[in-house]
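Protein chains in written order, with the working numbering: chain E, 1 to 296; chain C, 1 to 301.
Bear in mind the hints are in silico, worked out from the structure with no lab data behind them.
We put the beta carbon where it would ideally sit given N, CA and C, even for glycine.
It is possible that part of the hints are untrue.
What the hints assert, rightly or not - Taking lysine-lysine and the BS3-like style, the derived pairs with C-alpha atoms no more than 25 Å apart in a straight line are:
hint: 1; chain 1: C; residue 1: K105; chain 2: E; residue 2: K283
hint: 2; chain 1: C; residue 1: K208; chain 2: C; residue 2: K197
hint: 3; chain 1: C; residue 1: K235; chain 2: C; residue 2: K51
hint: 4; chain 1: C; residue 1: K105; chain 2: C; residue 2: K197
hint: 5; chain 1: C; residue 1: K21; chain 2: E; residue 2: K189
hint: 6; chain 1: C; residue 1: K235; chain 2: E; residue 2: K120
hint: 7; chain 1: E; residue 1: K189; chain 2: E; residue 2: K120
hint: 8; chain 1: E; residue 1: K258; chain 2: E; residue 2: K71
hint: 9; chain 1: C; residue 1: K208; chain 2: C; residue 2: K105
Said to hold, decoys possible - With the C-beta cut set under 8 Å, the calculated list includes, among others, these residues of chain E facing chain C:
hint: 10; residue: Y142
hint: 11; residue: P143
hint: 12; residue: L211
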Amino acid sequence: MVDAAHPRGPKPRRRLSRGNIMLYGTLIVVAMYYALPLYVMIVTSLKGMPEIRMGNVFSPPVEITFQPWVKAWSEACTGINCDGLSRGFWNSVQILIPSVFLSIIIASINGYALANWRFKGADVFFTILILGAFIPYQVMLYPIVIILREMGLYGSLWGLVLVHTVFGMPILTLLFRNYFSAIPEELFKAARVDGAGFWGIYFRIMLPMSLPIFVVAMILQVTGIWNDFLFGVIYTRPEIYPMTVQLNNIVNSVQGVKEYNVNMAATLLTGLVPLTIYFVSGKLFVRGIAAGAVKG
Amino acid sequence: MATSSGTSKRPVRLLRNLNAKIASIPMVATALVIFIGCTAWTILYSFTDSKLLPRLNFVGFEQYDRLWGTRRWLVSIENLAWYGVCSLVLTLVIGFTLAALLDRKVRFENTFRTILLYPFALSFIVTGLVWQWILNPDFGVQQVVRNWGWEGFTFDPLYNPDIVIFGILIAGIWQGSGLIMVIMLAGLRGIDEDIWKAARVDGIPTWKTYVVVIIPMMRPVFVTALVLIASGIVKVYDLVVAQTSGGPGIASEVPAKYVYDKMFASQNLAQGFAASTMMLVSVIIILIPWAYLEFGGKKRG
Numbered sequence: 001m002v003d004a005a006h007p008r009g010p011k012p013r014r015r016l017s018r019g020n021i022m023l024y025g026t027l028i029v030v031a032m033y034y035a036l037p038l039y040v041m042i043v044t045s046l047k048g049m050p051e052i053r054m055g056n057v058f059s060p061p062v063e064i065t066f067q068p069w070v071k072a073w074s075e076a077c078t079g080i081n082c083d084g085l086s087r088g089f090w091n092s093v094q095i096l097i098p099s100v101f102l103s104i105i106i107a108s109i110n111g112y113a114l115a116n117w118r119f120k121g122a123d124v125f126f127t128i129l130i131l132g133a134f135i136p137y138q139v140m141l142y143p144i145v146i147i148l149r150e151m152g153l154y155g156s157l158w159g160l161v162l163v164h165t166v167f168g169m170p171i172l173t174l175l176f177r178n179y180f181s182a183i184p185e186e187l188f189k190a191a192r193v194d195g196a197g198f199w200g201i202y203f204r205i206m207l208p209m210s211l212p213i214f215v216v217a218m219i220l221q222v223t224g225i226w227n228d229f230l231f232g233v234i235y236t237r238p239e240i241y242p243m244t245v246q247l248n249n250i251v252n253s254v255q256g257v258k259e260y261n262v263n264m265a266a267t268l269l270t271g272l273v274p275l276t277i278y279f280v281s282g283k284l285f286v287r288g289i290a291a292g293a294v295k296g
Numbered sequence: 001m002a003t004s005s006g007t008s009k010r011p012v013r014l015l016r017n018l019n020a021k022i023a024s025i026p027m028v029a030t031a032l033v034i035f036i037g038c039t040a041w042t043i044l045y046s047f048t049d050s051k052l053l054p055r056l057n058f059v060g061f062e063q064y065d066r067l068w069g070t071r072r073w074l075v076s077i078e079n080l081a082w083y084g085v086c087s088l089v090l091t092l093v094i095g096f097t098l099a100a101l102l103d104r105k106v107r108f109e110n111t112f113r114t115i116l117l118y119p120f121a122l123s124f125i126v127t128g129l130v131w132q133w134i135l136n137p138d139f140g141v142q143q144v145v146r147n148w149g150w151e152g153f154t155f156d157p158l159y160n161p162d163i164v165i166f167g168i169l170i171a172g173i174w175q176g177s178g179l180i181m182v183i184m185l186a187g188l189r190g191i192d193e194d195i196w197k198a199a200r201v202d203g204i205p206t207w208k209t210y211v212v213v214i215i216p217m218m219r220p221v222f223v224t225a226l227v228l229i230a231s232g233i234v235k236v237y238d239l240v241v242a243q244t245s246g247g248p249g250i251a252s253e254v255p256a257k258y259v260y261d262k263m264f265a266s267q268n269l270a271q272g273f274a275a276s277t278m279m280l281v282s283v284i285i286i287l288i289p290w291a292y293l294e295f296g297g298k299k300r301g
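Only chain C is shown next, with the shape it has when bound in the complex:
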């Protein structure tokens, strides 16, 4: 906690604790050059008309106007909103429910946990490709149900523009809910056994104990989970690339893919910068309430 560096006599200020400063050069460089420098650079150039190469010819908010007038971007945002809301709610509900089930002193808990968490070890590319195959209308789930005798059954989310984003959602939740379960389980384990005993003595049913007592107590864990899921949602990219490549048509495009395509495929740099700046803005909108809850709340308590 406290530093022990100040105990010896003080030579030149800059040279004091020199080794620690040298050791911190990578961190300082990363913080200043990459995180602040590169971000500022991108924001600055998003106000230019850079095409193939970046150049400082400012055009004000023109790129942003064009961005919000592009159908593909609007589709991307709409997809992200659907994906985000569903994935947030479902991952939290599934993650918490599974953790609560496992917390009921289950035998083989380790086995269950291992099975529920292994998807998280896999990359989004692998996840996307497996689910692409399972959801394949000719061989996958749809065909299986048809073979059972329900001939008219249709379940082809990846080929139906209206619901394609939910096909991606299925894969995303499969991959990510295990992580949330583990975090929730750690939170549940942190709750004092006496609280359960007290609730039992008072005759409160188990489900009610969870809703009224346990979940409010786990607020910090929920906030952490929320931030984790939310910051993951904004970055959704690989999964879409692997599962649908944005198709059919542009039905499953997401902002991160828009940015990549504008920057590295269609040589429209400033458009990509503007889109990525919008992504940053959305992250900031998510982060500020969290920072407020996390750090503003402590002062009150």
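Chain E on its own, in the form it takes in the complex:
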């Protein structure tokens, strides 16, 4: 406090001290290691098969060809179907859209009820819901098959949508509950005084104020559902397999000559949706996973 106005101590080090070289050197090497698989996917998918047989996975393509991409998208075979990954892509889209909307709508209303309209016993169910997130899915897989079969939804897109909604609920409800709890209570009380009810407050006050958290929830769900494999393989049939399942079937199929370039193009195509979301959303993605992780 005595001499706060004037800087004290030794001068800050010059930028390129030995420590800094070490620091940046390490970070660059590590970053290169992490980036390597993406690079390998891209260069492999742009090479022709003869070139792949001549070289190794890291060598850049001499002659760039987009043929593998075309083949992966529209010709690659799984079993008897030879219409490529496009089928899986559209299946995934059809699964994704209703799942994301349904799960977010349900969880946001639920989180709102838990934050502002808590009733007796609500916390008990909420605790069960959160603890349930830790139960390995394998324990619940088969009974859910029975439930879906009884509902006539087993093997259909809507069955899978329901499963995604259910298993997305713990984390999303937590996310929304915490967010709505942080909104000043005076706002809620003022609306009550003005005669707004449960839905009125939700639609006119809470919803417009919580766009960021909706975006976070959306990012969380889109990547989560797009990347799902287990539920897709169990609760759908081959014609409506999501993209991840179809990708695995294409690449790991035992028959035929292995076309590594097509495989890598297919892999990259499947990773493209979450990667785009990741690179575009940036900080929000980080916020989403941090919110999901630290509190969960």
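For chain E, the structure is supplied; the task is to place chain C on it using the hints.
Relative to the frame of chain E, chain C by itself:
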């Protein structure tokens, strides 16, 4: 925090706050039917001799006896133990080290973070397939090193039963360490700048400040990271399916895959139920100390 529902006059108790109750139906149904109901159902049926279809013909612990007498299950458990311990230690160490490096007021921090975290956006299937290709002995790392002139170099983890689980580990850590780094970084940012200043004034070297001061302060963050990694480990499934399909032979089988194969491929339902119940038990064993630390610790403080 507090509810405002009790302020108006009280009609019938059940109908009070009715909208909130209606809004909570999905949560209540999920909690009761799926999380409690389905779990209880599976545990109950794990004591039966269900084969193709579930049936209530109780046989006691026979399924569990058979489970622990099956070589494939034992291999799965051993794999999971190796994978779990290595992945826990390595992910924590790598995650913390990277976070500490990035916390040194690095320029281009955002770029580095973006690169380190992007694998987490990819699915395990994509991760597994890429690493399957990179570790391919004919074209991948092994061949590259051989081309450099080291002819006898062997690095084919995915084709060597003894080390195949470590091939999967490489991919798993690549995918998951970014998440832990981000969590650790958030924890490091939460630490008061004055503590660093105090340590500097006292002349404590940086590394020692981390070990003696910062890491103990970050205990809650480490616990969270630990729980996250641990609950992910038990579920390992897609990665193995994509990378090795459990091979060579049964060398890289994991419990989650055992459960799937018993339930949906070899029509041995009760065996799958018993195996999945064992998975649940292991999660509970992980969770109880955590719950104790988390909630028991608060009372003391």
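Quick one, are C:K235 and C:K51 close enough, alpha carbons at most 25 Å?
Holds. C:K235 to C:K51 sits at ~24 Å (cutoff 25 Å).
Starting from E:K189, check that the Cα of E:K120 is at most 25 Å away, please.
holds, 20 Å
What's the verdict on C:K21 and E:K189, does the C-alpha distance respect the 25 Å limit or exceed it?
holds, 20 Å
Does C:K105 lie within 25 Å of C:K208 when you go C-alpha to C-alpha?
Given that 25 Å is the threshold and the Cα spacing comes to 18 Å, the pair holds.
What's the verdict on E:K258 and E:K71, does the C-alpha distance respect the 25 Å limit or exceed it?
holds, 13 Å
With the threshold set at 25 Å, check whether the alpha-carbon distance from C:K208 to C:K197 stays at or below it.
holds, 14 Å
Min Cβ distance, E:Y142 to chain C: is it shorter than 8 Å?
holds, 6 Å
Satisfaction of the E:L211 interface hint, Cβ to chain C closer than 8 Å
violated, 20 Å
Hey, C:K235 versus E:K120, does the alpha-carbon distance stay inside 25 Å?
violated, 34 Å
Please verify whether C:K105 and E:K283 have alpha carbons no more than 25 Å apart.
Holds. C:K105 to E:K283 sits at ~18 Å (cutoff 25 Å).
Below or equal to 25 Å on CA atoms is what counts here, so check C:K105 against C:K197.
Within the cut-off at roughly 15 Å; holds.
Less than 8 Å between beta-carbons is the criterion; does E:P143 satisfy it with respect to chain C?
This hint holds: E:P143 lies near chain C, its Cβ roughly 4 Å from the closest one there, short of 8 Å.
In this structure, the hints that do not hold are numbers 6 and 12, in rising order.
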